[in-house]
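A.B. asks: Sequence:
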Amino acid sequence: MVQRLSELGLEAPDKDQYSRAHRSVKALIFALLKEAEEAREGRGRGVPLSDEEIQYIIYRLRTVYGDDMATRIVSKLSDFLRSRGGQAGPRA
11 MVQRLSELGL EAPDKDQYSR AHRSVKALIF ALLKEAEEAR EGRGRGVPLS DEEIQYIIYR
71 LRTVYGDDMA TRIVSKLSDF LRSRGGQAGP RA
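Under our numbering, read the sequence shown as residues 11 to 102, first letter to last.
It should be emphasised that the hints constitute simulated quantities derived from the structure, not laboratory data.
Keep in mind that this is a model prediction, so the values were computed, not measured.
Be careful, since some hints might not be right.
If you anchor each label on the Cβ, the simulated ranges turn out as follows [unchecked claim]:
(1) D78 x R33: 36 to 46 angstroms
(2) D89 x P58: 14 to 24 angstroms
(3) E45 x K86: 31 to 41 angstroms
(4) R82 x L42: 21 to 31 angstroms
(5) V74 x A37: 35 to 45 angstroms
(6) R33 x T73: 46 to 56 angstroms
(7) E17 x T81: 34 to 44 angstroms
(8) E47 x M79: 37 to 47 angstroms
(9) I83 x S34: 35 to 45 angstroms
Each residue gets a CB set at the ideal place from its N, CA and C atoms; glycine is no exception.
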């Protein structure tokens with residue numbers, strides 16, 4: 011467990027500290043570690059959307075003028091598409 015935390019770049023307790031932790035704390039650490047590993051590998055909980063579906067969401071959000079949240083979401087989705095090789099088009 012300590013090694014897996016270190017591999018994720020998280021400050022890990024030493025083995026003695028971890029072995030003294032209560033069972034429920036260990037279970038929580040394990041669950042969080044599993045979620046962090048899945049997120050890093052792109053297998054985290056999420057909605058599986060195609061590039062075309064994301065582009066449509068971007069298109070629809072761009073029609074909402076003057077909404078700061080819509081602008082932020084468009085930016086994040088555009089960056090996400092670029093990072094996975096899709097085309098997001100120009101930013102709003």
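A.B. asks: Of the numbered hints stated earlier in the document, which are not met by this structure?
C.D. replies: 3 and 8
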